[in-house]
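Peer 1: Given next are the chains, with one letter for each unit.
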Amino acid sequence: MSTRLSKGGRLLDRSKALDFVFNGKRLKGYQGDTLASALLGNDQMLLGRSFKYHRPRGLVASGAEEPNALVHLGQGGRFEPNQRTTTTELYAGAELSSQNHWPSLEFDVGAVNNAFARFLVGGFYYKTFIHPRFAWKHVFEPVIRQSAGLGKAPKEADADHYEQAYDFCDVLIAGGGIAGLQAALVAGQAGKRVILLEQTPYWGGRAPVDGDVIDGRPAADWIAATVADLAKMPNVTLKTRCMAAGVYDHGYILAEERVADHTPGDGRPKKRLWRIRATRIVAATGALERPLSFAGNDIPGVMLASAVRDYVVNWAVSPGDRTVVVTNNDDAYRTAIALKEAGLAVPVILDARASANGPLPTKARAMGIRVEAGKAIAKVKGGKRVTGVAICLQAGEGAVLEEIACDAVAMSGGWSPVVHLWSHCGGKLLWDEAQAMFRPDATKPPTSHDGQALVYAVGAANGHLQATAILPDAAQGAAAAAGVTPSGVAAQAAPSDEAPLEPVWTMPQGAPIQLRSKMWLDYQNDVKVSDVQLAAREGYESVEHTKRYTTLGMATDQGKLSNINGLAVLAQSLNTDIPNVGTTTFRPPYTPVTLGALAGESRGEIFQPLRKTPINDWHLKHNAYMEPVGLWRRAYCYPKGGETHSQAVDREILAVRSGVGLLDASTLGKLIVKGPDAGRFLDMLYTNVMSNLGIGKCRYGLMCTEAGFLTDDGVVIRLDEDTWLCHTTTGGAERIHAHMEDWLQCEWWDWQVYTANVTEQYAQIAVAGPKARKVLEKLGGMDVSAETMPFMTFKEGTLAGLPVRVHRISFSGELSYEIAVPAGHGLALWEALMEAGQEHGIVAYGTEAMHVMRAEKGFIMMGDETDGTVIPQDLNLGWAISKKKADYLGKRGQERTYLASPDRWKLAGFETLDGSVIPDGAYILAPGVNANGQGNVQGRVTSTYYSPTLKKGIAMGLIKGGLSRMGDVVEFSAITGQPIKAKVVDPVFYDKEGEKQNG
Amino acid sequence: MADAVNAQSVSPLGGASFEGFAKVREIGPLGMISLRAKRDVPGLEGAFASLGLALPEQRRITGTTAKGAGWMSPDEYLILVPYAEVSGALANLAQALKGSHHLAVDVSDARAVFRIEGEKAGQVVAKLGPIDVASLAPNELRRSRAAQVAAAVWAEEGGFTLVCFRSVAAYVMGLLTASAAPGAELA
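Protein sequences, first through last, are from chains A and B.
With our numbering applied, the first sequence corresponds to residues 1 to 999, in that order.
With our numbering applied, the second sequence corresponds to residues 1001 to 1187, in that order.
Next up, chain A with everything else stripped away, as it sits in the complex (with noise of 0.2 Å):
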């Protein structure tokens, strides 16, 4: 059983003991814990079930690559699952459960997939769910579902908040071993600007756990003056509990940075994603242990050497009293040695090498511990822990020699770089056939924009397994990577002899099938080395079909213990060297980031940017419902007491009809364009002419897209000689800016036209009605009758003392004065004439009676009438287009065939034959059916509301025809129900002679 041992845990404060709780059972770690070690402390050697067999299993690892020791961590809104418990601090009072059992952890129903293994091939789900068709989405689906899935997905809302933040750098370390910490140390007195990122809490990675002697030091002595002296460089920035996810070009790199993750609730972001701009990037990200590919590789309690070694010198905690260590290479005796230094029992070393015979496997020896040479294991015993191992010859078919007893395996298959930092953008890679491995290919870096490498790898990144190689390969890295010639000497480890490993893809190397399929490649998608090798028989020769076909390192862990292992297997079964085959991708990033971190600070009141008119905070003071328009908030209505929204409208339209009301139309756009070629400019923009609009004077306009589509309209007024201010639709005032100024940057340079977007300069207040002119005489300060301000003109003035520009223009049909007037006195100025117009019963109206009132009066609006297909003279609009220019945007567009014919549906008025309003959306019906047996159609509504003016449902839609239709009755589709039947009639429905606003 595993065991916090009495003594030791060289990141362990015993001082502080922090109770947690798994699976409902109370346990006591201690500060300074992982997860993984306080479980490990505590006997927990189950932790979870696997994906595909739920088979028993335990923690491998101690670090990012753990595949299996996954759970969920808290409760309510701060519930997360598939928490890698080798990578998450242990905080007081956590709280753990596994994953992926039912309906307990000890007794799985799921484990029953385990018995009919041999059915659940490499390919399974693609050979067994592929027909009949049908039976995938209703049957098969949901029992993969219910069966399938690690963690529980979270419940409540994320209670905890994240953030971003920038930073930028010459030179960028990712990790914070003796390698990284060596690299900075150069880079910073070399003088650059240097960010070095940790991904644990811990500086100096493995070296201290491997006993490396640095400049005559103990590694953990010359990693805490490293450090003191990195951090009195001020342009050296240290992070820890902060990794380097991915690489981007051009030196772009995201981290994710665990601010709160070991104190939740404490207030603080819980993480926080990092965005730093890099000019050299050096990844000193260390290696990987691999597995060994033995059957029973899974069972809880054979876990990685260097995770064993870890877990005794960091924690404290014993993987059990009696570890048997199998290996191929020298590093792993350095496991035994530890387990033997902390008093505790390694029956034998089966080294798959013939001889062993270096200074660490002399030493082993020599410390009285059993060392096989040439021997492997032909299959671990045990159920939800080891029992045992059976042992045999490497070179052999797994014939049985002995049996041992032990409670945990300690294995070891050679190291792999991680390499992904220096693949996200592209860097190559070579197979190192001596120590059997992927590395960094210097001669194929990623580049940046300047042709140059972007990343260095250095160190066991960089292939180097050995101290006495790291610290000068760092250092020369750094160097380079801060182009400078390096000056000083690395520090010197201690050299420590090892003799090279042997390869070893499966043990024993010609292991029969039935070791073969339990020989497992990736823990947590359940792909075991017989699944490659069915691949491989099945024609599967890429390695990215492979993984694809067998889910080989698609789970969360990415195949970080089994993609060389299984593209070695791979290899071996196609016949080929391993470098043929290759690799998969590697992409960012490197460990899972949280959703949380990316959204950042972009949730709740500022999840996206509303924005507010001056008057914005009148409308919610006065019940408005409010709409979105673009980023806007529009006030749609005011409803009063227990008003619907429909009867708010009516109210609010009656009131306008026969008194006077307000609209804010702040959102409305205005774009100033100035310059001699100004007039030019605008004859080209809209279809009509507003090079001869006089002074003073307003014109309604239309723009057209290069192709002839109507995309916007307003009133252009015309402030002097050169300046116009074209007014647009609220969605249209950025991007019709952009729009002018793409023409006048890329085509038309060399006119002399600026424009000035000053929507936001101004509130804009519509103040529409019959007694619209009273209200504005009481407020005094200019002349708005109607001699010296006739329809379609405007006047600059002061209104109740503020300095306003008001527009004789109507959208609503009535008397209307659209007055604009700096935005911080917009608010004064509203509230000025709501008070005026109390005793002609003001109201203040919203966007649904503006569009019913403008229907009424048979106006056109952007989105309703038109939809990006329809051209101006589809609206019947003719008379806004001038014949007499030579050209204009979208001239030639309309000229098109299609766009000319008579037989374009065009723009009429409805009326029902009872009343009633057509559904939005409809369809005019036709005769007969298309090539698809669909119903024939004739046209379609584009406004339809009830007016309550005329006290019946009005129609605007296109029509076949048009206008020639009038008086024709057709039949309008409905969802539901017999068709509707309608009038075709004049669209202007209301006040025809346009005597109301012309008043």
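You may find that some hints are simply not true.
[Said to hold, decoys possible] List of simulated lysine-lysine pairs, DSS-like, C-alpha gap at most 27 Å: (1) B:Lys1098 with A:Lys795; (2) A:Lys340 with A:Lys384; (3) A:Lys883 with A:Lys960; (4) A:Lys444 with A:Lys428; (5) A:Lys232 with B:Lys1120; (6) A:Lys891 with A:Lys697; (7) B:Lys1120 with B:Lys1067; (8) B:Lys1120 with A:Lys239; (9) B:Lys1023 with A:Lys239; (10) A:Lys697 with B:Lys1098; (11) A:Lys340 with A:Lys381; (12) B:Lys1098 with B:Lys1120; (13) B:Lys1023 with B:Lys1067; (14) A:Lys774 with A:Lys640; (15) A:Lys774 with A:Lys960.
Don't read these hints as lab results, they were simulated from the structure.
Because the structure is a prediction, the values reported are computed rather than measured.
With chain A held as given, fit chain B onto it using these hints.
Peer 2: Relative to chain A, chain B alone:
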């Protein structure tokens, strides 16, 4: 009737403020003019001089927030003057640039202005957008963004001044408040 109305232009948030690890406060309204003109038009130098301002170099701001001039693009400048002096300044510009192609408009009310102050104010700015606070020169104006909206930022007197559009003032205030929250220090 006129005197019943408060004729003082109000800033979008009425001077809202928040005190976290840095202090955030809305200031203004400030007088602002958007001037578009090419650098080589006759009278430009004099136009700035007529306002007591120096023409800013690329990515720089001259003067102060109270009275200054920022470079916004190769043919756009932001002129800062006291709110009450805008119409006078516009008249000066029109006079000095008479006959030269240009556009000068009052945008004082189209903007919201914030001050971010305190020893760690730079850490708040570093959360808003890709602005390298550490290398920001004392008279450098950065046209960048604050999370999802456009913003201009410059350093001045123990803090930073940030200008954004008026309609998103509340969003930016929310952003600054979250960014300056106690415990969210970057270092």
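Peer 1: Could you run down the list of hints and mark each one as holding or not?
Peer 2: Evaluation of the provided hints:
In summary, the hint linking lysine 1098 of chain B to lysine 795 of chain A is supported, as the alpha carbons are separated by about 24 Å, within the 27 Å threshold. At most 27 Å may separate the alpha-carbon atoms for a hinted pair to count; lysine 340 of chain A and lysine 384 of chain A meet this at roughly 25 Å. Straight-line distance between C-alpha atoms of lysine 883 of chain A and lysine 960 of chain A comes to about 24 Å, which keeps the hinted pair within the 27 Å bound. This hinted pair checks out: lysine 444 of chain A and lysine 428 of chain A have alpha carbons roughly 6 Å apart, not beyond 27 Å.
As the CA atoms of lysine 232 of chain A and lysine 1120 of chain B are separated by approximately 19 Å, the hinted pair is consistent with the 27 Å bound. Of the supplied pair hints, the one linking lysine 891 of chain A and lysine 697 of chain A holds, its CA atoms being roughly 25 Å apart against a limit of 27 Å. This hinted pair checks out: lysine 1120 of chain B and lysine 1067 of chain B have alpha carbons roughly 26 Å apart, not beyond 27 Å. Distance restraint check for lysine 1120 of chain B and lysine 239 of chain A: the Cα-Cα separation of roughly 18 Å lies within the 27 Å cut-off, and the hinted pair is therefore satisfied.
For a cut-off of 27 Å, the pair hint linking lysine 1023 of chain B to lysine 239 of chain A stands: about 25 Å separates their Cα positions. A C-alpha spacing of about 24 Å is found between lysine 697 of chain A and lysine 1098 of chain B, which places the hinted pair at or below 27 Å, so the restraint holds. With a C-alpha separation of about 23 Å, the suggested pair lysine 340 of chain A and lysine 381 of chain A falls inside the 27 Å cut-off, and the hint holds. With a C-alpha separation of about 46 Å, the suggested pair lysine 1098 of chain B and lysine 1120 of chain B falls outside the 27 Å cut-off, and the hint is violated.
As the CA atoms of lysine 1023 of chain B and lysine 1067 of chain B are separated by approximately 23 Å, the hinted pair is consistent with the 27 Å bound. Simply put, lysine 774 of chain A and lysine 640 of chain A have alpha-carbon atoms about 25 Å apart, close enough for the 27 Å limit, and the pair holds. For the given pair, lysine 774 of chain A sits about 45 Å from lysine 960 of chain A by alpha-carbon distance, which is inconsistent with the 27 Å threshold.
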